[in-house]
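There are 2 protein chains.
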Amino acid sequence: MDNFTFFNPTKIHFGKGQISQIASEVPAGAKVLLVAGGGSIKGNGVYDQVKEALGDRTVVEHWGVEANPDYDTLLPAVDICRRQGIDWVLAVGGGSVLDGAKFICAATQYEGEPWAFMQDFGASVKAALPLGTVLTLPATGSEANPASVISRRAIKEKLCFISPHVQPVFSILDPETTFTLPPRQIANGIGDAFCHVFEQYLTYPVNAAVQDQFSESILRVLIEEGPKTLANPSDYDARANLVWAATNALNGILGCGVPQDWATHMIGHELTALHGIDHACTLAIVLPELLEAQRAGKGAKLLQYAERVWGITEGDDDSRISAAITKTREFYESIGIRTRLRDYDVTADVAPQVAARLAARGTSAIGEKGDITPERVEAILRAAA
Amino acid sequence: MDNFTFFNPTKIHFGKGQISQIASEVPAGAKVLLVAGGGSIKGNGVYDQVKEALGDRTVVEHWGVEANPDYDTLLPAVDICRRQGIDWVLAVGGGSVLDGAKFICAATQYEGEPWAFMQDFGASVKAALPLGTVLTLPATGSEANPASVISRRAIKEKLCFISPHVQPVFSILDPETTFTLPPRQIANGIGDAFCHVFEQYLTYPVNAAVQDQFSESILRVLIEEGPKTLANPSDYDARANLVWAATNALNGILGCGVPQDWATHMIGHELTALHGIDHACTLAIVLPELLEAQRAGKGAKLLQYAERVWGITEGDDDSRISAAITKTREFYESIGIRTRLRDYDVTADVAPQVAARLAARGTSAIGEKGDITPERVEAILRAAA
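Residue numbers (my numbering), protein chains in the order written: chain A, -18 to 366; chain B, -18 to 366.
Do not take every clue at face value.
[To be verified] Each computed DSSO-like pair below joins lysine-lysine, with the alpha-carbon atoms no more than 27 Å apart:
(1) A:LYS107 / B:LYS(-8)
(2) B:LYS23 / A:LYS(-8)
(3) A:LYS32 / A:LYS(-8)
(4) A:LYS12 / A:LYS107
(5) A:LYS(-3) / B:LYS350
(6) B:LYS350 / B:LYS308
(7) A:LYS308 / A:LYS350
(8) B:LYS(-3) / A:LYS350
(9) B:LYS12 / B:LYS23
(10) A:LYS(-8) / B:LYS308
(11) B:LYS(-3) / B:LYS23
(12) B:LYS12 / B:LYS(-8)
(13) B:LYS(-3) / B:LYS209
Keep in mind the hints are simulated off the structure, nothing from the lab.
The following block holds chain A by itself, in its conformation from the complex (with noise of 0.2 Å):
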């Protein structure tokens, strides 16, 4: 096992009704900025309670953040927040709002042009407003993470920062909030969560029982109450432990001391960025071909997946590993993720150009070895045509 640093400090509110909460966690003389998307909360009675339990605070509205928050979406909120001297944030809605979210609370704070953050990956962040969340969409982690992935249209950019004056001070999870989501959008926390899982979980052995034991009960909740939840929206049960499923799967405790990958999310940004394919679908795109590639290094963790997560016992280690993967593209297939790039009216045409895009990035040789060159990059999306 790897030395690590843990430290999750996000106060969680769990289950039925929590939204009420917000009155005790939200300071008293607080002026605060709502961050919201579209207007879905208005339509389910989350606004509602949100409103009531800030009382009477003074509220400023920040709406339409939209999936793959836009920076020029959220500069504007940016000056809000400066103009009126708000002093706490408050996001209402998925992973996009959260994370649009915690940009502004950094932005709000930072000197100069706030792309320069983006481009640095957040080390240049030295203070942000304190946020609250309540999150209706399970699927990124962002609501328990210091992590935030913003897209730039207008020069076809999607880049992550991080800090930990992003992280949240509290969240907010009523699994009731997430019953009227169209089945597109909890497919896709579903695939999002299971390969936030692969990230930390499936690179090469280090010894750490208690991660990878944690990583595999992910996974098999995913896989378990995955279709269930999908089956019948308002079992409360399954929906709870799709949303606490997703918030584990990426708040820091899957990754302690292990070595981490994140090569398929840093491929997937790209094919976002230049073709606005849904997050989750550019990683159930990516991760079969990518495990293809890597099955030499990856080989034992695979074999360990194969038997913890699918009870794949039969054959030999290369049949086992072929099989392992075939189990991860079907679970996606089965969760109505395509996972071909030819689904999503995309040709092979994209491989060299995501590969010359993480090239000129700077970031070649991405995965846990430092071994996933921009040719491989560009033969995995090529074999995922």
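Guided by the hints, dock chain B onto chain A, whose structure is given.
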């Protein structure tokens, strides 16, 4: 799944050489009380590492915190803190030292006789000195939770208090510092952590898939890594896995949104208070017979445990439950912890005594369903004779 709030703001530094992190975690101008046990940390180099990391900070040392830390041993340290203006406490040792330090932190800022907050289980604690810890014995989880168990031998009492004010700010876990511990202490740590999982897991099902699988993960890790680390104390990974398993067994994550029992601990504490039996040994005595007595109410979870942790799938429900209870007893025996009162020269006469003590304390009906009456406590202990 039940509603829950999860909040664990302790920063964990885990691994080789991490004691040096004290230098950045304790404020430069702090006036520190260093709390320690009997002196083993001077033999294994831990004390020297701690002193070096503390640098030129003012440090007052309080030695002699014993296993099952005693109220009367701790009160002089409270006096030191008040008279010398101590503003930080650093506990260096096992769970007893950490629990003792938590008491010191709370008592220093408490008005009136500190025993009062032991009697209200911490409810009246409104402030405490900040606490950092260096854990040298994996067992109690005290390094990452707000609980502390204090004994008062003068009146044969052993009570637990819980307060968010004594949650450690940071904890340092270097598995290498535990290599020189005697096997009995490591076995006790394994047995203690095992029972911590049971108190949160082995109740009745509420469809909490992540929590169940995380609990089963910790149990399997203790079963697999426990004997390994006993056989080879300086196998770093095995010891690291035990340390991290013990922390996760009681950092709150397993108990989120599930019913909890704690009857085994409550009965066990009385055995320690009356007869000075090691804490983990009291759990090993009580747990198997408590499971027998509760096999109706705990049946569904016992069957799940039988299959997922021990791979028991043959036979009818009753025989699988019996097999799982037997496996539990055998596990304790296999790591050298005896499971009968007679193994500790205690007779069944203790049974009515313990029942009467619990009844007198107003905690007469314990367990996750509040159905373990004094009569049933007595029966459990008679069966454990």
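Hints and how they fare:
Among the hinted pairs, A:LYS107 with B:LYS(-8) is consistent with the structure: their alpha-carbon atoms are about 19 Å apart, no more than 27 Å. Taking the CA atoms of B:LYS23 and A:LYS(-8), the gap is near 38 Å; set against the 27 Å cutoff, the hint is violated. The hinted pair formed by A:LYS32 and A:LYS(-8) meets the criterion: a straight-line CA distance of about 20 Å does not exceed 27 Å. As the CA atoms of A:LYS12 and A:LYS107 are separated by approximately 21 Å, the hinted pair is consistent with the 27 Å bound.
With a CA separation close to 22 Å, the supplied pair A:LYS(-3) and B:LYS350 stays within the 27 Å bound. For the given pair, B:LYS350 sits about 24 Å from B:LYS308 by alpha-carbon distance, which is consistent with the 27 Å threshold. The straight-line distance between the Cα atoms of A:LYS308 and A:LYS350 is roughly 24 Å, inside the 27 Å bound, and the hint therefore holds. Annotation: proposed proximity of B:LYS(-3) to A:LYS350 holds, straight-line Cα distance about 22 Å (limit 27 Å).
Restraint check for B:LYS12 and B:LYS23: satisfied, since their Cα atoms lie roughly 21 Å apart, inside the 27 Å limit. Taking the CA atoms of A:LYS(-8) and B:LYS308, the gap is about 37 Å. The hint is violated against a cut of 27 Å. Restraint check for B:LYS(-3) and B:LYS23: satisfied, since their Cα atoms lie roughly 18 Å apart, inside the 27 Å limit. The suggested pairing of B:LYS12 with B:LYS(-8) holds, with an alpha-carbon distance near 21 Å, which does not exceed 27 Å.
Among the hinted pairs, B:LYS(-3) with B:LYS209 is consistent with the structure: their alpha-carbon atoms are about 20 Å apart, no more than 27 Å.
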